[in-house]
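*Asks:* These are the residues of each chain, in order.
2 protein chains.
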Amino acid sequence: MPNGAQALIRTLVNAGVRVCFTNPGTSEMHFVAALDSASEMRAVLCLFEGVATGAADGYARMTGRPAATLLHLGCGLGNGLANLHNARKGKVPVVNIVGDHATYHVKYDAQLQSDIETVARNVSPGFVWTSQVTSELCRDAVAAVKAARARPGQVATLILPADVSWGEGGVAEPAPDIAPPPAADDAAVQAVAAAIKAGGRSALLLGGMALQDEALFAAARIAAAAGVKVYAETFPTRMQRGAGLPTIDRIAYLAEMASIQLKEIDTLILVDAKAPVSFFAYPGKKSYLPHDDCTVLTLSTPAEDAAASLAKLVAVLGAEHAAPTLAPAERPGRPRGKKLTAEKVCKAIGHLLPENAILVDEAISSGLMLSKFTSGAPRHDLITLTGGAIGQGLPNAIGAAIACPDRPVLALIGDGSSMYTIQSLWTIAREQLNVTAVIFNNASYSVLNVELERVGAERIGPKARAQLDLHGPVLKFAQIADGMGVPSTRATTPDEFTDALARALATPGPHLIEAMVPPALSGLKLKLLPHLLGSLDRMPLSVARMLKRKIAP
Amino acid sequence: MPNGAQALIRTLVNAGVRVCFTNPGTSEMHFVAALDSASEMRAVLCLFEGVATGAADGYARMTGRPAATLLHLGCGLGNGLANLHNARKGKVPVVNIVGDHATYHVKYDAQLQSDIETVARNVSPGFVWTSQVTSELCRDAVAAVKAARARPGQVATLILPADVSWGEGGVAEPAPDIAPPPAADDAAVQAVAAAIKAGGRSALLLGGMALQDEALFAAARIAAAAGVKVYAETFPTRMQRGAGLPTIDRIAYLAEMASIQLKEIDTLILVDAKAPVSFFAYPGKKSYLPHDDCTVLTLSTPAEDAAASLAKLVAVLGAEHAAPTLAPAERPGRPRGKKLTAEKVCKAIGHLLPENAILVDEAISSGLMLSKFTSGAPRHDLITLTGGAIGQGLPNAIGAAIACPDRPVLALIGDGSSMYTIQSLWTIAREQLNVTAVIFNNASYSVLNVELERVGAERIGPKARAQLDLHGPVLKFAQIADGMGVPSTRATTPDEFTDALARALATPGPHLIEAMVPPALSGLKLKLLPHLLGSLDRMPLSVARMLKRKIAP
Chain L
1 MPNGAQALIR
11 TLVNAGVRVC
21 FTNPGTSEMH
31 FVAALDSASE
41 MRAVLCLFEG
51 VATGAADGYA
61 RMTGRPAATL
71 LHLGCGLGNG
81 LANLHNARKG
91 KVPVVNIVGD
101 HATYHVKYDA
111 QLQSDIETVA
121 RNVSPGFVWT
131 SQVTSELCRD
141 AVAAVKAARA
151 RPGQVATLIL
161 PADVSWGEGG
171 VAEPAPDIAP
181 PPAADDAAVQ
191 AVAAAIKAGG
201 RSALLLGGMA
211 LQDEALFAAA
221 RIAAAAGVKV
231 YAETFPTRMQ
241 RGAGLPTIDR
251 IAYLAEMASI
261 QLKEIDTLIL
271 VDAKAPVSFF
281 AYPGKKSYLP
291 HDDCTVLTLS
301 TPAEDAAASL
311 AKLVAVLGAE
321 HAAPTLAPAE
331 RPGRPRGKKL
341 TAEKVCKAIG
351 HLLPENAILV
361 DEAISSGLML
371 SKFTSGAPRH
381 DLITLTGGAI
391 GQGLPNAIGA
401 AIACPDRPVL
411 ALIGDGSSMY
421 TIQSLWTIAR
431 EQLNVTAVIF
441 NNASYSVLNV
451 ELERVGAERI
461 GPKARAQLDL
471 HGPVLKFAQI
481 ADGMGVPSTR
491 ATTPDEFTDA
501 LARALATPGP
511 HLIEAMVPPA
521 LSGLKLKLLP
531 HLLGSLDRMP
541 LSVARMLKRK
551 IAP
Chain X
1 MPNGAQALIR
11 TLVNAGVRVC
21 FTNPGTSEMH
31 FVAALDSASE
41 MRAVLCLFEG
51 VATGAADGYA
61 RMTGRPAATL
71 LHLGCGLGNG
81 LANLHNARKG
91 KVPVVNIVGD
101 HATYHVKYDA
111 QLQSDIETVA
121 RNVSPGFVWT
131 SQVTSELCRD
141 AVAAVKAARA
151 RPGQVATLIL
161 PADVSWGEGG
171 VAEPAPDIAP
181 PPAADDAAVQ
191 AVAAAIKAGG
201 RSALLLGGMA
211 LQDEALFAAA
221 RIAAAAGVKV
231 YAETFPTRMQ
241 RGAGLPTIDR
251 IAYLAEMASI
261 QLKEIDTLIL
271 VDAKAPVSFF
281 AYPGKKSYLP
291 HDDCTVLTLS
301 TPAEDAAASL
311 AKLVAVLGAE
321 HAAPTLAPAE
331 RPGRPRGKKL
341 TAEKVCKAIG
351 HLLPENAILV
361 DEAISSGLML
371 SKFTSGAPRH
381 DLITLTGGAI
391 GQGLPNAIGA
401 AIACPDRPVL
411 ALIGDGSSMY
421 TIQSLWTIAR
431 EQLNVTAVIF
441 NNASYSVLNV
451 ELERVGAERI
461 GPKARAQLDL
471 HGPVLKFAQI
481 ADGMGVPSTR
491 ATTPDEFTDA
501 LARALATPGP
511 HLIEAMVPPA
521 LSGLKLKLLP
531 HLLGSLDRMP
541 LSVARMLKRK
551 IAP
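Chains as they are written, first to last, in the numbering used here: chain L, 1 to 553; chain X, 1 to 553.
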């Protein structure tokens, strides 16, 4: 009879969990030893837990199935918390296996003793469980996988005491039944259809699982047939886009601009999404962004099947044969000139993005123009920063590359963001993943300069400025990548960057390109920003829209 | 009248908080802007929150006063959790300022919304508070500082909503009264004295604040006068040692060896310490390490003044004039030979350690011989991994160097450990701290190979082995350091290492030396370890003691 760990791994494999992103310690040694008992389980070592949790997130976004993480007690879980937060906000399934002291050892309050359940609850509100007996461990594991895979997807945390792991008498469980999510019920569909038919300016807001092709086409048919606008949420978990797919604008990050988008909408219809709110609060600004007279309806909740719900709405509206507006195939030209800028990097990416790429966007301020330049590129997936906890991009790229070994992964990361989980590069090298990481080196927490202006923080002195400034020394990402085994290039001109990107995309395997760029918004533009933003909603719509296009995609 | 943030910073300064280790985001922008309003507050930017919290820990260990951290919501706190755990276990004062959304924004569940208080409670069980009103913020801050500075020192977390920070009407508070801790009461002292006088084999176990000179001398006098043994806890928060100070053995990390130390003790007297327990549980092994007939008495609790309590015991025992046994000044010779090993690195450190150095030990398996080789070195402070959450050493070195700008800091770090908070190097470079980091590059989570044997995990296959192995690619720390602005050297022979260390110690400022070493325990030794450990407590004491000396300091 297998021990607990062996039966657990067999149960996870049976339940469809085929990868475990690990950063183990002593209390997980039996789990580690058991890895070789199941050839179907791939184990990927990460040198920091935030890499493991972000990789599990990226993997599940691309497969729809959870990966496992293997974390070392409460501190290991703590290190993984930020990217689990991003997974939670993205409604992404993840199964954490968190090793703990043996059950009888807890009372001694040894050095690594902490309250794991409390930490876990923050990211796993729906499922935190500490197994107590080896014979029940696998039933607990099935419950964890079921919780993770239910809609909406969630982070489930199974705490595994060392003695439950090493104990004899594990009983592996077969694959669980996981019921498919239902479509929205008829009443909800009818109510939405009635609102659309009643006239007025309506918009569908697509989020979560509603940004993949079947749902996108259904929404675009509704738009074509009924004159409904379609928006995507600001930070999609996974969005399919590019030539031949419906073009859908995202709600803007800057609340001031989002308000302009929403000013035109009297009925906002949520599809696996929530009504837009400002990312942060700003003095004197509204948090809730639909205007006061906007009616918000829900077509389908995150617990329901977005594509099936939209299909029902298509049927009720008789939109089956409406021709959706699709993005034409068009790429920007090769960027020119002597000076590399974030905009030119985005342009080069649009110029070269390969078919079927996975684009991970954590470029923050440097990615402002990315949407525009890639909207007509070959079809690709876009993964974004769902929970706002930076340090997500490189780990997500690991998971996406392991999920889709035949697809190129292009990760665009701000310099500040990259440093939270820079250890990712080692795993990318070790697993020889087909990931090209582009680091925008502007030597600044650039977005915070924008935010500093937006929150109206005044009298900025040298100490405050130094907290947003990454000079002294400027990080050298090409060297750091080399130190972790990833071949790297530093690009300082548009030609250097474009050539380096072309080479990287032509050669499968890990690459890092360090793009030396100035901050995307600087000097005068930055000084004007709060005034511009502050007056946006007092401008005529047409002017505001034009300005919006100038400063954001 | 100042805004909340300005009044808060003034209050912190008044209460003795003079450094803030920052990793801010938008919700902290008013705090950042207010930094320039108080010239007494130094702000040190860190590129990852675990660096900030570990730096605050290291700073307080050396000054006895808390630093502040500035963290961005629940995710920022999460990233800082592991090193806050280490501070908690080390009874070290830290004041976290965790920015939060504006109070009115919380209900919208924006992207970065999470339950900060729940996360904080894990490391700040004694003080977690969310300020609600600007006018009361500074009173809340005083309560936080008082909580942190009380004995035992603790982590206090003050959550600062953005609107409380930017709100007008902050009222700075004056310095709080902080009562000094009391000495142990007479009854406790008399009971301990009676037990010692009754004969039998007694030992003092010193922890926490009892490992600094006044307490050490008092304990050594008691040892000399009454034949009492003196031990230090396994992982001291801060321990003063070296030539001219009392020599005190630490309780061994390996429980099997600690049991040998404790076998000889019938009365264990705790001084700001807890009774030794095994770091982890192992199948068939005891967790609680004093033997069954050992009486455990408490001279002073962590809430009491250890030095004053020991002084009372000295007086009751009439030990005032006993001559303590002091470590003689003696250094090992320069290491020789062609092959660099962890032992030779430790020898070179003993050979060269400068007067008044701060030695940060997170070398894990590579540091086995460090204690032995430095016991007669010039007087120095030792900082260790109090909570077992690796990634502490480099951040601690930052804090120690800022606390003691006139003292050299030497941080010994395992390769695996270093990668959790490798971002520390950038802050070391930016602040031009006098830190020499030695990374033991053995391309392995070496201690886990030991632990794998100890927990009796059998049938180890290639996948399991790969989880403990840092080959493929081997990290190149010299390059990584260069990428973060720290001058670096790679040493592959004893001569190269010793020369590099001599140069680094002769040149103030940041240095990194990458020591290319094999794992400290390998091959045959590793295979024999469990058998050796397993039989230790069935051996005659003299043999066990001899063996113990062979495989550990």
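There's no promise every hint is true.
It does not matter which identical chain is meant; a pair holds if it fits inside one copy or across any two.
[Said to hold, decoys possible] Here are the simulated DSSO-like pairs of lysine-lysine, each with C-alpha atoms no more than 30 angstroms apart in a straight line:
1. Lys-286 - Lys-107
2. Lys-263 - Lys-107
3. Lys-107 - Lys-274
4. Lys-274 - Lys-372
5. Lys-263 - Lys-339
6. Lys-286 - Lys-372
7. Lys-476 - Lys-263
8. Lys-476 - Lys-91
9. Lys-476 - Lys-146
10. Lys-338 - Lys-197
11. Lys-338 - Lys-107
12. Lys-229 - Lys-107
If you're looking for bench data, these hints aren't it; they were derived computationally from the structure.
*Asks:* None of the hints should be skipped; say for each whether it holds.
*Replies:* Hints and how they fare:
1. Proximity of Lys-286 and Lys-107 under a CA criterion of 30 angstroms is satisfied inter-copy only: 13 angstroms between copies versus 49 angstroms inside one chain copy.
2. Taking the shortest Cα distances, Lys-263 and Lys-107 sit within 30 angstroms of each other only across copies (22 angstroms), while inside one copy they are farther apart (58 angstroms).
3. In this homomeric assembly, Lys-107 and Lys-274 come within 30 angstroms of each other (Cα to Cα) only across copies, at 13 angstroms, whereas the closest approach inside a single copy is 43 angstroms.
4. For the homomeric pair Lys-274 and Lys-372, the shortest alpha-carbon distance inside one copy (24 angstroms) is at most 30 angstroms, but the shortest distance between copies (62 angstroms) is not.
5. Neither within a single protomer nor between protomers do Lys-263 and Lys-339 lie at most 30 angstroms apart by alpha-carbon distance, with minima of 38 angstroms and 72 angstroms respectively.
6. In the homo-oligomer, the alpha carbons of Lys-286 and Lys-372 lie at most 30 angstroms apart inside one protomer (28 angstroms), although the nearest pairing across protomers, at 64 angstroms, exceeds that limit.
7. For a Cα distance limit of 30 angstroms, the shortest separation of Lys-476 from Lys-263 qualifies neither inside one copy, at 44 angstroms, nor across copies, at 54 angstroms.
8. Taking the shortest alpha-carbon separations for Lys-476 and Lys-91, neither the intra-copy value of 35 angstroms nor the inter-copy value of 37 angstroms comes in at or below 30 angstroms.
9. Proximity of Lys-476 to Lys-146 under the C-alpha cut-off of 30 angstroms is found in neither arrangement, the shortest distances being 44 angstroms within a copy and 42 angstroms between copies.
10. When the C-alpha separation of Lys-338 and Lys-197 is checked against a cutoff of 30 angstroms, the pair qualifies neither within a copy, at 54 angstroms, nor between copies, at 85 angstroms.
11. For the identical chains of this complex, Lys-338 and Lys-107 are neighbours neither inside a copy (65 angstroms) nor across copies (48 angstroms), given an alpha-carbon limit of 30 angstroms.
12. Taking the closest pair of Cα atoms, Lys-229 and Lys-107 come within 30 angstroms of each other only across two copies (28 angstroms); inside a single copy the shortest separation is 59 angstroms, beyond that limit.
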